[in-house]
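Novice: Sequence:
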Amino acid sequence: MASVRTRLSCGLLWAASLAALGAVNQPQPAQLSLEQAEAVAVANQPRLLAEQLRARASEQRVHQARAGLKPVVEFNATGALVADPGTATSAGALPTSAVSNRFAYGGSLSQLVTDFGRTSALIRSARYASNAQVEAATLTKARVRLNVQEAYLGILGAEAVLRAARAALANRELISRQLDALTQNELRSTLDLNFAKVLESEAELAVVRAQSTVEQERSRLATAMGEQAPIRSRLIQPSFPSEFPATPEEVLAQAQTQRADLRAAEAQQKAAEAYAAAEKRLSYPSLNILGAAGQIPYHDHTLRDDYAAVGFNLNIPIFNGGLFAARRAEAQLEADARDQDSAALRIEVNQQVRDTWYRADEAFRSLSVTARLVAQSKEALRLAQDRYDAGLGSIVELNEAQLNETSAEISAADATYTYLSRLAELHFVTGLLN
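Read in order, the letters of the sequence shown are residues -18 to 415 in the numbering used here.
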């Protein structure tokens, strides 16, 4: 039997390994859009799935609190066989209790009539706490989408930089070959050729770094999507937003109503207030009705064949060493602290929105500047090349113009995706990614 269980366990382990291997080696689509990447991340990201499960678990705590308003029905069966008639228990309590031979079964019912709103307040507290957990899951979803967008745009930006670096390398290689031929014909000096070779090596180094950045960003996108293998699909260019908010005030009000963490803080504050209201009712009376009925098929002459009873229990707290007073004070102080936490978070959100807007505005204004910089650097390179070809300029002047042109091309290639990435961050801090 043990060998059968061992073989079964090995078979299940082997099947699980094959399933995991199949998940890792699952073929990727030839093209991948930003919307598809976000959909995969929302479906696969373990961090988001964990928060969603916690949100569902918090809903069960509401049902647990609501159970206090519903009746409790129990079934019991009891049997006893004593050594001597007249046996009684006497330790552990002041009165003695007779024990006789018997077997009995029956049911009991208890129902809360009123506790002056304490259970209802606990239900409200649990419901608000559940709402806060749902908002936490919403915030995690928005953060997952932000991570995907930043990684996706990071790949596109790195690929744009790689294309610019490769174009610069091809241009440097062409110039090196031309100078090599001129040097062999003694039309240019060896110094000019060495400077050209240095620029060619620098361009090649820029290509190597850009290739590494592309691979890192693809691995980052896989992590953001909840995948293990790096993303190899060709990424589709996302749409370019046509409008940018003119001032941070245009999005501040939206952030105050849309941010999931703000809504979670408000829900936690209300949960703490409801719990404080419940703790205030600890000193109030509670009234329960009780009922029991059953049969005793085997018993001695002192008992009847069946039993049934109904009654009530009124509990009025008098004194417990200040326990309830301390609990009331603790709950109220915690509610006041939650109120301050919510106010502090609103201040932090205002700062986040303003800082992110300024960063996005900087990137937005840089678009036109980098485009103008590319045009100016190209013209400067053309003039430097003409001066060098005419023998009026030095190789140092030409090399500096080439470096400036390459730097401008790379800055322009990266500027668009830097702006889109900062705009995605602005959407996150204003709650648009919920």
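Just so you know, these hints were derived from the structure itself, not from any lab.
All values derive from a computational prediction rather than experimental measurement.
There may be inaccurate statements among the hints.
Think about it this way: if two alpha-carbon atoms lie no more than 20 angstroms apart in a straight line, the pair counts; the simulated SDA-like pairs of lysine to any residue are [unchecked claim]:
1. LYS251 to LEU314
2. LYS261 to ARG215
3. LYS178 to LEU362
4. LYS261 to ILE299
5. LYS261 to GLN209
With beta-carbon atoms standing in for the labels, derived distance ranges [what the hints assert, rightly or not]:
6. GLU231 to PRO211: 32 to 40 angstroms
7. ARG28 to ARG335: 24 to 32 angstroms
8. LEU34 to ARG215: 32 to 40 angstroms
9. GLU16 to ALA227: 40 to 48 angstroms
10. ARG335 to ARG37: 17 to 25 angstroms
11. ALA20 to GLY302: 25 to 33 angstroms
12. ALA352 to VAL179: 22 to 30 angstroms
13. GLU16 to PRO211: 46 to 54 angstroms
14. ALA20 to ARG368: 54 to 62 angstroms
15. SER170 to ARG335: 55 to 63 angstroms
16. LEU413 to ARG368: 47 to 55 angstroms
17. ARG35 to GLY272: 38 to 46 angstroms
18. TYR288 to ARG28: 21 to 29 angstroms
Don't be surprised by glycine CBs; every beta carbon is placed ideally from N, CA and C.
Novice: Mind checking the hinted window 47 to 55 angstroms against the Cβ distance between LEU413 and ARG368?
Specialist: 52 angstroms, holds
Novice: Take the C-beta atom of ARG335 and the C-beta atom of ARG37, compute their distance, and say whether it sits inside 17 to 25 angstroms.
Specialist: 36 angstroms Cβ-Cβ, so the 17 to 25 angstroms window is violated.
Novice: For TYR288 and ARG28, compare the CB-CB distance with the range 21 to 29 angstroms and indicate the outcome.
Specialist: 57 angstroms, violated
Novice: Does the Cβ-Cβ separation between ALA20 and ARG368 fall within 54 to 62 angstroms?
Specialist: 55 angstroms, holds
Novice: Range hint 24 to 32 angstroms: satisfied by the CB atoms of ARG28 and ARG335?
Specialist: Because 28 angstroms falls inside the window, the suggested range holds.
Novice: Do the beta carbons of GLU16 and PRO211 sit within 46 to 54 angstroms of each other?
Specialist: For GLU16 and PRO211 the Cβ distance comes to about 20 angstroms; the hint is violated.
Novice: Between the alpha carbons of LYS261 and ARG215, is the straight-line distance 20 angstroms or under?
Specialist: With Cα atoms ~62 angstroms apart, LYS261 and ARG215 exceed 20 angstroms; violated.
Novice: Do ALA20 and GLY302 keep their Cβ atoms within the hinted range of 25 to 33 angstroms?
Specialist: 58 angstroms, violated
Novice: When you check the alpha-carbon spacing of LYS178 and LEU362, does it fall within 20 angstroms?
Specialist: This hinted pair holds, its Cα atoms lying about 18 angstroms apart.
Novice: Against the range 38 to 46 angstroms, how does the distance between the Cβ atoms of ARG35 and GLY272 compare: consistent or not?
Specialist: 39 angstroms, holds
Novice: How does the Cβ-Cβ distance of LEU34 and ARG215 compare with 32 to 40 angstroms: does it lie in that range?
Specialist: 34 angstroms Cβ-Cβ, so the 32 to 40 angstroms window holds.
Novice: That 32 to 40 angstroms hint for GLU231 and PRO211 (C-beta), does it hold up?
Specialist: 38 angstroms, holds
Violated hints for the displayed structure, listed by number in ascending order: 2, 5, 9, 10, 11, 13, 18.
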